[in-house]
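Number of protein chains: 6
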Amino acid sequence: MTDKDFQPLDSGIVPRFAGMPTFMRLPVATPEEVDIALIGVPFDGGTTNRPGTRHGPREVRNQSSIVRRVHHATGVSPFDLARVGDCGDAPINPLNLDETLESIAGFYAGVRRAGAAPLTVGGDHLITLPILRGLVADGPVGLIHFDAHSDTYDSFFGNRYNHGTPFRRAVEEGLLDPKRMVQIGLRGAISDAANYDFAKAAGIRLIFIEEFVERGAKDVMEEARAIVGSQPTYLTFDIDVLDPCFAPGTGTPEIGGLTTREAQAMIRMARGLNLIGIDLVEVSPPFDPSGGTAITAATLMFELLCILAESVAAKRPPG
Amino acid sequence: MTDKDFQPLDSGIVPRFAGMPTFMRLPVATPEEVDIALIGVPFDGGTTNRPGTRHGPREVRNQSSIVRRVHHATGVSPFDLARVGDCGDAPINPLNLDETLESIAGFYAGVRRAGAAPLTVGGDHLITLPILRGLVADGPVGLIHFDAHSDTYDSFFGNRYNHGTPFRRAVEEGLLDPKRMVQIGLRGAISDAANYDFAKAAGIRLIFIEEFVERGAKDVMEEARAIVGSQPTYLTFDIDVLDPCFAPGTGTPEIGGLTTREAQAMIRMARGLNLIGIDLVEVSPPFDPSGGTAITAATLMFELLCILAESVAAKRPPG
Amino acid sequence: MTDKDFQPLDSGIVPRFAGMPTFMRLPVATPEEVDIALIGVPFDGGTTNRPGTRHGPREVRNQSSIVRRVHHATGVSPFDLARVGDCGDAPINPLNLDETLESIAGFYAGVRRAGAAPLTVGGDHLITLPILRGLVADGPVGLIHFDAHSDTYDSFFGNRYNHGTPFRRAVEEGLLDPKRMVQIGLRGAISDAANYDFAKAAGIRLIFIEEFVERGAKDVMEEARAIVGSQPTYLTFDIDVLDPCFAPGTGTPEIGGLTTREAQAMIRMARGLNLIGIDLVEVSPPFDPSGGTAITAATLMFELLCILAESVAAKRPPG
Amino acid sequence: MTDKDFQPLDSGIVPRFAGMPTFMRLPVATPEEVDIALIGVPFDGGTTNRPGTRHGPREVRNQSSIVRRVHHATGVSPFDLARVGDCGDAPINPLNLDETLESIAGFYAGVRRAGAAPLTVGGDHLITLPILRGLVADGPVGLIHFDAHSDTYDSFFGNRYNHGTPFRRAVEEGLLDPKRMVQIGLRGAISDAANYDFAKAAGIRLIFIEEFVERGAKDVMEEARAIVGSQPTYLTFDIDVLDPCFAPGTGTPEIGGLTTREAQAMIRMARGLNLIGIDLVEVSPPFDPSGGTAITAATLMFELLCILAESVAAKRPPG
Amino acid sequence: MTDKDFQPLDSGIVPRFAGMPTFMRLPVATPEEVDIALIGVPFDGGTTNRPGTRHGPREVRNQSSIVRRVHHATGVSPFDLARVGDCGDAPINPLNLDETLESIAGFYAGVRRAGAAPLTVGGDHLITLPILRGLVADGPVGLIHFDAHSDTYDSFFGNRYNHGTPFRRAVEEGLLDPKRMVQIGLRGAISDAANYDFAKAAGIRLIFIEEFVERGAKDVMEEARAIVGSQPTYLTFDIDVLDPCFAPGTGTPEIGGLTTREAQAMIRMARGLNLIGIDLVEVSPPFDPSGGTAITAATLMFELLCILAESVAAKRPPG
Amino acid sequence: MTDKDFQPLDSGIVPRFAGMPTFMRLPVATPEEVDIALIGVPFDGGTTNRPGTRHGPREVRNQSSIVRRVHHATGVSPFDLARVGDCGDAPINPLNLDETLESIAGFYAGVRRAGAAPLTVGGDHLITLPILRGLVADGPVGLIHFDAHSDTYDSFFGNRYNHGTPFRRAVEEGLLDPKRMVQIGLRGAISDAANYDFAKAAGIRLIFIEEFVERGAKDVMEEARAIVGSQPTYLTFDIDVLDPCFAPGTGTPEIGGLTTREAQAMIRMARGLNLIGIDLVEVSPPFDPSGGTAITAATLMFELLCILAESVAAKRPPG
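Top line first, the protein sequences correspond to chains A, B, C, D, E and F.
All the letters of the first sequence, read from the start, carry residue numbers 1 to 319 under my numbering.
All the letters of the second sequence, read from the start, carry residue numbers 1 to 319 under my numbering.
All the letters of the third sequence, read from the start, carry residue numbers 1 to 319 under my numbering.
All the letters of the fourth sequence, read from the start, carry residue numbers 1 to 319 under my numbering.
All the letters of the fifth sequence, read from the start, carry residue numbers 1 to 319 under my numbering.
All the letters of the sixth sequence, read from the start, carry residue numbers 1 to 319 under my numbering.
No lab work stands behind these hints: they were computed from the structure.
By construction, the Cβ of each residue, glycine as well, lies at the ideal position given by its N, Cα and C atoms.
A couple of the hints might just be wrong.
To be verified - Taking lysine-lysine pairs in the DSS-like style, the calculated list, with each CA pair at most 30 Å apart, reads:
#  : chain 1 : residue 1 : chain 2 : residue 2
1  : C       : K179      : C       : K315
2  : C       : K179      : C       : K218
3  : E       : K4        : D       : K218
4  : C       : K218      : C       : K200
5  : B       : K218      : A       : K218
6  : F       : K4        : F       : K179
7  : E       : K218      : A       : K4
8  : B       : K179      : B       : K200
9  : E       : K218      : E       : K4
10 : C       : K218      : B       : K218
11 : F       : K179      : E       : K218
12 : F       : K179      : F       : K200
13 : B       : K4        : D       : K218
14 : D       : K200      : D       : K218
15 : B       : K315      : B       : K218
16 : C       : K179      : C       : K200
17 : D       : K218      : F       : K218
18 : F       : K315      : C       : K4
19 : C       : K218      : A       : K218
To be verified - From the derived model, a few chain F residues whose C-beta atoms are all more than 12 Å from chain D:
#  : residue
20 : N49
21 : F208
22 : N274
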């Protein structure tokens, strides 16, 4: 236990531009001290085109100074439901992909053992693979996956570990149950007509943007909830699921994407799921000179924290 | 009277990039010479986080060179309905908040005595308080308020006059009638669950973005019109009511906001109200390096001018 | 004939950031070698306000490295339907408008004689006039025209050839059949209430953004298809038809425009038309420091290529 | 005569960010009212590569709000030596180079007849030609020319009037006396070894940056003063004579240029010359997103004003 | 005492882009734990023109991740000479200048009592006044002052406390001994010929940039050392003493300033002085979109730390 | 042999903004066709901090459109001395450092066998190692090395191949003769006092910026020429040797660096050396939003080409 005050600094006393840019201006903490661990994974070694997401965690921390305490629409106050702290960055090696996959997995195994649920900011999407390796100890989990891309390719440049392949690997390794996976917001031209064959054969539910627009957020999320059910589920949010007008600072923008309104609505509809962790990835500050993408990411991180805090609180034994 | 030609320069003769950047390339004028006074209030001394709106009036003037003469959808030609001129900036003191509140109020009292209706560009939202002090002479008026934030806090940093508090002050001072106030587009996490208590208790109608999205612009504006009725009404437009993808250049962006289409539709639905003045605030050029926010502001300023010109013309005695 | 491989480079072998930025990483080719000629026209001499579209073709080439091979929603693989190559830039003279009108027209006459259908990137919108002069040999064609502006003014600064006048000139010259013309997305204040008189009198169908929003993309495009029918049709896409949040890098932005989703939906609904050529104009890199407008343009160029490839393939004699 | 106060606004009363951005926050005036006319020429129709200097006058006006009243090193107070006002922009036609050459020349003939000395901000360097046509009435004058380029080409794209040719034309037309011309700061690779042949044959003194660096500002300017002597002289300052680190916002940057210290030192050494006018050209805001080039230009404009005011005062009859 | 490791993180183990951006990646500490306290003062309420330095401390912290351990030229290793830590930000109130002057002074009095020497990052230059009020307990100290401006004005906008007046106030209050003050790098036009009268009359040594350029860094610094002598001295470094090409991100740039080479040389020549504290002020991130000014500031902060560490070590009793 | 015209396009006929951005607007060629091969190596997998140089070759190609034909100071016309062409990019794998080291080495071995001298644009500095592996066939060569950093570290993150180690590896592998190596422009704090021990022990001549400033470019380069002598020599130019005001777009900027004037002077003094190849590395476009670094790099590339062309021509047998 700890006597830290796990509340963001009061912006009526310490201005938002002052002080240390921890996530949401929360205390620095160890996973053992908290219920929810805010973690950065500053690694972009799996990026095949435009790099830069290694700078994501720091800039999201910086912009997350705008986060306040109570959700205006749901009334959720995550800092009252759970102890939340900034647990720093997972160890990575910018020159060694294989070593980094191991060190991230090891770090998240420690988070799991400490009993904290992680809310992570990347980094490119490859990081979800070692996060899952660390977190998933008792058989495959479900996945709600917001993304413009399926990331179920087999390889690029002869390499099976990059930001286009993590979810194929995770299925192959038994970390994810493909029948309990749903990918929402897919779009963009593909390199080959067979690109989605693996995902389809495995039974992953693919919801392209066209279907999403046709049906709307509510209908889609009801299906998504049904797919993952009440069993343990991970949620991964690739910032490029948003339209580039909301999130230009990312490596592989695809026009015609989600609005932030739609993303917010869907995250709020994920309340009550059995969440073991969440990540938000692919924020690339070098391509975001005005900082808007990081502001968007920080705000969505608060939305995600609200549902994770509710999930954590729901699992807590009474008393 | 004056023999000035109160029409924007002809862009087929003087290019838009040439000449002096008065608002809409209109003549410089005194309030006495015009029906509608375009005014800048370059003050951001009430800003609690990111400063810069002191540069707003100049940059909106600069980008307002794109403004043309006739509204494409309503057919309104404001420059034919009313004499409109650039009446310069209200006097302010960047080092003294109290003195500035007085000098702005004095300036607007002069505008009122001159019989001109002001269309103002800020500056941060605190400026609406002294504008109302100068303009409101005969009892409280109604308010249509577009904003992501209610701005009815009591204080920040122990200070009761800042850009989070003007509308509480204005109600307390009897400048606004809370029963005739409507706030549209509210959103964003709050510091405390009690943040909206004052506004609710006072009877202000709060329309959060979620309700707005549910009901749509038309329905919401019909209610707003009913709330303010036919009595004197002020309209204030905080640029942060727009989604940050349309207006990144502001100090407190909140994702999930209005589209410009929605804003335009609502402004057009405000035709026929009894308007005593309008302001557009919180444009912050240092956070708008590409100038897009100022372009948006300049275009909305024309939309606002059209409804103000109609209101002014409607009050004019026949003959 | 040629033995070139008219497929984009494989991004799993040659990274997208490597190699020469031809359009879509396709081979350089002559019009004679291809079915569809991708062409740049780097000319902005018809621009009355903010210049810079002369830099458009190069930057769209640069960003078009992100283009992949197969359309995710329609399944169209344009590079399998037609030989597509980068045919370079049309010759222009930045100091001489009249000479440039001639040299562009001559270049496109050559493209026509070679039997290739052009997909062009501008340049300002004046370039569509000489393109049509070169392409249209057998009587007026129809036009689907996406734009915020009608571009049917008579003159600016005493000059009848500028980016506000090409479609009046094209009608006058018998290149376009006004009864088979539709303009979609019009908006923005106008200089004079009579600005649309020519277009209306000629019988051009004007669809303002307000009507578009009311009816939706599907309904509007069904009408547009009916207007142009099955006869030869040209399609011109001014990037400023999009809302500036999607395409800030243009000279005359107008708020309240199309979303990219809407634009994509309408382009896909133009499948099956009898297209003789397409252009995408008014991308201005100096006003697009983050490159987002060029990314949007490159992606839409792929959408446009898909429908042009289908049109070309449909006209090809069997066997 | 006029009773205007030809002093910049007091920045201790009206903040620099407030009010109308006239040049140096001086009154708007006619040439007849002033001794020195500050004039913009927003024309870039002579530009062969990157356009944008049409936006120069407005942005230099904007940034010139920083100008103060007394030169810290020389003690000169130009506003006490001469009446100085903002005389607006010369008329130009962005679509017609020939017409613009005439309208600029006509405007400057009017300035000459009014007895005012012009201090002009461009625009591209071609504008110096019509300025001289308007100003030079009594035989050729001398020229001090700061520039990275000689601008004595014969033609580009078959056109003899562009920003690479004005000084050849001016010599040919008898506006400049080549024996009294000096060009300082020349550098950059050339298209052809013969590029400087005209200038050399005509007797223009060419001082390349290498010679400048070897000799230093003082020695070079002593020679320059000797070359132009005490006869009427024009001074033209192309911002690209500065190193791009000081002035990135220009169309044709050349590395290895002058420092601002060197430029300031040379301008101050031009005190006491018989100056008939000065211009500062090639500031291109679209390539200067941070505004630094315009700040530099505005500051140099004050340096230039100081020497022009002394020259004007020196010619004034006693009494 | 503390067992913290007061060394920057090892960049060969934790990448520079990872982890929390404390100053120089040092531990967070209280003044009591360290010999040298790195402190931010995020206040710009004394700014008369362009605001933004309130964001300075955070961005300098961010960019200071590049700082290494040993000075390449002097061999000084400050972290071996003294315990150095990040002591956070002084308390400020963005809405209340008077209260902030008090709270800063109180904070620095605490630093003094703790026995730590402060190295501060601003904030605007007004902050030096309350810092001195807190630090100076035993009679006036000497001052080495690098700046483009003397900051000895009497008032602006009727206010005696702003970033143009701190050194007049400090002299008046007996905090600084004007005979032991030297200002280096002064330049820029002045509002009135009398602007320097107070400083001159008080006996402050003013070294304008012209004298500096004439004499060189070595000669000037020898004089500066003689002026302050071996008595307690404060050093203040306004980033605008640098030429704007090195430090565009500041509110009042003046061309023709110091190079970073010259600044580094002078700081190194300040070795061995009896320094009680140092500040570096006027870094304004909103005007520094590329971050270069903050990188420059962070590097100079290391130079300043080296001389302060030597001064601190020299005063330490042996053993 | 080939009948291509190995001259840049004529900018008086094809504008600089038109056409394909090959290096210097030269023809695409194979190494066999040319004497000098302009090559890109878009790899930044050896970067320990800020990535992005993978985008360097493309952006330098883009900006190299400004290159002209004849050196203004030396009169050298490289395109008349040697056939120069754009030989594209070396093959790289962004996900595999080891494979990339091999593929680059293989590519350059091919260049060597073709008899062409390479002028390369990176990429991070690690690429020089495989370039040397490919080029150096007959024993160690000399090196003139412009850089802020020695790049003779042993390892980072446990990895011996990264952009801080290439020159230690090259010495160890016998590719470079340390007695014939000179590093010019070194500066910046170091991680450990022993950082330069390897370089010093090996006999590499280290010239820090302080010595450079003291002695001047001429004296330093005379020594450098003596060190490498007349034997085969490679020249490597890290753009970060320049002061960041000239080259902000790089990953590890160090203030107090070379001016472009100094760099140009030193390159010109390298005329007559026996050069086997040259590279220019560490240009990082994501950190260069205004493009100035790439313009600087393109201009220096022309300077470097001039001396390489002379070297190539000097080795050519007469006739």
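Right, here's what the structure says about each hint:
1. C/K179 to C/K315: holds (24 Å)
2. C/K179 to C/K218: Holds - the C-alpha atoms of C/K218 and C/K179 are around 21 Å apart, at most 30 Å.
3. E/K4 to D/K218: violated (57 Å)
4. C/K218 to C/K200: With Cα atoms ~23 Å apart, C/K218 and C/K200 stay inside 30 Å; holds.
5. B/K218 to A/K218: holds (22 Å)
6. F/K4 to F/K179: violated (42 Å)
7. E/K218 to A/K4: This hinted pair is violated, its Cα atoms lying about 52 Å apart.
8. B/K179 to B/K200: holds (10 Å)
9. E/K218 to E/K4: violated (39 Å)
10. C/K218 to B/K218: Distance of about 22 Å is within 30 Å: holds.
11. F/K179 to E/K218: Violated. F/K179 to E/K218 sits at ~35 Å, over the 30 Å cutoff.
12. F/K179 to F/K200: holds (10 Å)
13. B/K4 to D/K218: Given that 30 Å is the threshold and the Cα spacing comes to 52 Å, the pair is violated.
14. D/K200 to D/K218: Distance ~23 Å between D/K200 and D/K218 Cα, so the pair holds.
15. B/K315 to B/K218: holds (25 Å)
16. C/K179 to C/K200: holds (10 Å)
17. D/K218 to F/K218: Holds, at roughly 22 Å.
18. F/K315 to C/K4: violated (38 Å)
19. C/K218 to A/K218: Measuring from Cα to Cα gives roughly 22 Å; hence the hint holds.
20. N49: F/N49 clear of chain D: closest Cβ-Cβ about 23 Å, beyond 12 Å.
21. F208: Answer for F/F208: holds, closest chain D Cβ roughly 22 Å.
22. N274: holds (24 Å)
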